[in-house]
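Generate the whole structure from the sequences, applying the supplied hints.
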Amino acid sequence: AQRVTQPEKLLSVFKGAPVELKCNYSYSGSPELFWYVQYSRQRLQLLLRHISRESIKGFTADLNKGETSFHLKKPFAQEEDSAMYYCALSGGRIGNEKLTFGTGTRLTIIP
Amino acid sequence: GAVVSQHPSWVICKSGTSVKIECRSLDFQATTMFWYRQFPKQSLMLMATSNEGSKATYEQGVEKDKFLINHASLTLSTLTVTSAHPEDSSFYICSAARVYTEAFFGQGTRLTVV
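Protein sequences, first through last, are from chains W and P.
Numbering of the first sequence is given in this note's numbering, commencing with residue 280 and proceeding in unit increments.
Numbering of the second sequence is given in this note's numbering, commencing with residue 4 and proceeding in unit increments.
I should point out that these hints are in silico values taken from the structure, not numbers from a laboratory.
Hints are not guaranteed to be accurate.
Under 8 angstroms between C-beta atoms, here's a sample of chain P residues computed to sit facing chain W [as the list claims (entries may be wrong)]:
no.	residue
1	Phe37
2	Gly109
3	Gln110
Glycine residues also receive a C-beta, built at the ideal position from the N, C-alpha and C atoms.
Right under this line is the structure:
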């Protein structure tokens, strides 16, 4: 069974400080990991995926298979980063596999 | 990115009635559509996966006779909550994907059963 764990429900960080949102997963094969973001009153949207290895809005995430983690990081938080963040896992690289979501972390950036 | 639209955005219905929620991919053809349910302050729980022209695959614990899913075309999937009860009140979200691409999410539908 696949599972995604986000241990922090709430995270508050001062503007300009580094941000790290934790995500651990459980999956027997080779998963595809994603981070989704939901800004206030907006729909869920893809922030980044591990396979593309890119930085979006200053955020990066590295897949650590040894630790089964996919933590989301940003060196300097900005106020517009305040949102709900979901880590998600897909069971393959086909692209349209079903996603298993973590419970989400609400990030609040303190001005 | 691609656009997925849900209709209605919110609906209130009486207990015992049925409610249909539509999910449309507006500018692409979706080979697969997913339906999720989200309770307040909780994560999205996958209810079912539907592929165009075939029966939906329901997750364990989801009643297929309660939550009817139809995926008649590559741009439209519908979720019908039959004989709705207050416990069915929730936020329902669909997503649409095509092979080798990410899934795009609808804005969600808030269902309140009174």
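Hint by hint, here is what the structure shows:
1. Phe37: holds (6 angstroms)
2. Gly109: holds (7 angstroms)
3. Gln110: holds (5 angstroms)
Every hint, counting from the list given before, is met by this structure.
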